[in-house]
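J.: Top line first, the protein sequences correspond to chains A and B.
Number 216 in this note's numbering belongs to position 216 of the first sequence; there are no gaps in the numbering.
Number 372 in this note's numbering belongs to position 46 of the second sequence; there are no gaps in the numbering.
Just so you know, the hints here were simulated from the structure itself, not pulled from any lab data.
Quick caveat: nothing in here was measured; it's all calculated off a predicted structure.
Wrong hints could be hidden among the right ones.
[To be verified] Calculated cross-link-like contacts (lysine-lysine; reagent style DSBU-like; alpha-carbon spacing at most 35 angstroms):
#	chain 1	residue 1	chain 2	residue 2
1	B	K393	A	K161
2	A	K106	B	K462
3	A	K161	B	K462
4	A	K152	B	K568
5	B	K462	A	K47
6	A	K43	B	K381
7	A	K51	B	K462
8	A	K47	B	K399
9	B	K462	A	K43
10	A	K106	B	K522
11	B	K552	A	K65
12	A	K51	B	K552
13	A	K152	B	K381
14	B	K594	A	K104
15	B	K341	A	K152
16	B	K522	A	K104
17	B	K522	A	K10
18	A	K104	B	K341
19	B	K522	A	K43
20	A	K43	B	K393
21	A	K161	B	K341
22	B	K552	A	K47
23	B	K393	A	K47
24	B	K399	A	K106
25	B	K399	A	K43
26	B	K381	A	K104
27	B	K338	A	K106
[Claimed, not checked] Computed Cβ-Cβ distance ranges for the label pairs, DEER-style:
#	chain 1	residue 1	chain 2	residue 2	range
28	B	K568	A	G166	23 to 29 angstroms
29	B	I504	A	G232	47 to 53 angstroms
30	A	V20	B	I518	47 to 53 angstroms
31	A	F52	B	S493	48 to 54 angstroms
32	A	P67	B	A388	43 to 49 angstroms
33	A	L32	B	L378	56 to 62 angstroms
34	A	G166	B	A388	34 to 40 angstroms
35	B	I518	A	K161	50 to 56 angstroms
36	A	N7	B	I518	20 to 26 angstroms
From the three backbone atoms N, C-alpha and C, an ideal C-beta is built for every residue, glycine too.
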Amino acid sequence: MRRKSVNYAKYGYIFSIPFVLAFLIFNLYPTLYTAVIGFTDMKGLGKTTFKFLADPFQNFQTILKNPSFQESLGNTLVIWIINFIPQILLALLLTAWFTSPRRKIKGQGMFKVLFYMPNIITAATIAILFSSLFGYPMSPANDFFVTLGLSKEPINFLLDKMTARGIISFIQFWMWYGSTMIVLISGVLGINPEIFEAADIDGASGAQTFFFVTLPNVRTILLYTLITSLIGGLQMFDIPRMFIANGGPDGATLTTSLFIYNQAFSGSYLYNRASAASMIMFVIICVLSAMIFYVMRDKEASKIYKLNKKMEKEYKRQEKATRRAA
Amino acid sequence: MKMNRTSQIVLKIVKYIVCITLAVLSILPFWIMIMNATRSTFEIQQHAISLLPSKFLASNWAVLEGKTFDPIKGFINSVIISTGSTACAVYFSSLTAYALVAYNWRLRQPFFTFILAVMMIPAQVTSIGFYQFIYKIHMTNNFLPLILPSIAAPAMVFFMRQYLMASLSIDIVNSGRIDGAGEFNIFNRIIIPIMKPAIATQAIFAFVGSWNNLFMPLILLTNNDKYTMPIMVSLLRGDIYKTEFGSIYLGLTLTVLPLFIVYFLLSKYIIAGVALGGVKE
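Generate coordinates for the entire structure from the input sequences, incorporating the hints supplied.
T.: Dropping the structure here:
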């Protein structure tokens, strides 16, 4: 019997081989390779050979001092913040309405389906659609503004820095609030109903229940949403690239991903600088991931794991004691 | 009491107005797009918003098709890549999850911790190394570098593991063993059918994710014949369609149509899947 269970354990290793291999080849190796390229002189189309630089951190210094990179980091954050704050507020409001036990909204299923819909459509398509919708001089948005008398002449939306950023933020907001809402609703539905009953008996109003019972209980999910959204936001590429050419007015919509892409794959082929910029982003994202990992860690599992270790230690100590006694 | 009642009715009206406005906001851009796909450039220039279709669909199609934009080729390429990577992702993620749940091996816990740790690391920031690696082994303009990496999908392994922990009873595995089935056969014949609901949910998201991916195909595929749907879409921004508004809208519509069909057929499962994804505690 014992021999059999030892025998089965090897399948744990065998069945994990494809995952581990694919991870090593397509994930770990490219990551290390990117890091290495960051320290070299590799540039130019089709070049695959490289020499390490005399000053290994030269590319990193160049990138960190590059005004375009600094600006792209700022743009990315601005676009993310303008999208995230209204997104989370609207998602919370809708969550409060949709989970309110007293006054149900009819057609909730249909609303959820429609709110989530933009999220599933190709981002590249949506970006080009919006750039057509906000085109100049003739476009649906201009048609709307002029017909309603809000503006006498057609507006060239994409010439103004904040308007261009604002529209990209709006697209992000529009694509993601439904998803955030569904996640939050499922979080609220996961709260023990007895807590709500207790609040009800204590005479809490709907708003009181929401702020003092619901919100504290979905704290973890809110934090998770915040960090995943930030990680996603830092990699924003499809929408800014397809919405306006060349990073928009004065580079207002040049995001870091777009900056990296332009460095490496359009015109200059500066693979080394792009790698250095990638690694800077990589470190930022790793720190954020570590935060999620910490927040979401399998609490039960880690408890059991610690308990096991403790027992193991105890067992070894006893064994030593018995050996010494013998 | 009366005050309270009126304010409740007002609140109810406000709720419905907000929800209906948001619903309209979700539909309207796509509606304008589909309507404009049937209108001529002249009509669009006169009035860019129309809620009713016109009759220039055929001529828009003729203009669209006469240039580099090839929706059928893009569709076929996208189907090949998305199907391949989805199949790899769900099969090998299930296999890895099964290894994590069913067997007691020494590195099991460290391996799981490792999967959690790499779950959030994005592919995009390592794209330069990936591109150089693929370029060096002459695999650009090949679909395999876009398919095979999905064998290692940490987030999906995590999800599959949670599902298996809840639904797998070791008795079923043992009865298979008594019948003399090998471990690999047990996985294929017994475990995969048990995991069908989880596989279906994850397959939808993997497929849509791969279908919508622009970054990797854009850097790896340079040959027109290999373009995927999102790259085809990006051609619509180029100069060749500059003033052909009707055709641009038609091209966009064609890329969205398959997604709409999938979404409205499977929306129930998709919404449920999004809800599950959030509760990872």
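J.: Which of the listed hints are not met by the structure?
T.: Hints 2, 3, 6, 11, 19, 24, 26 and 30 contradicted; others consistent.
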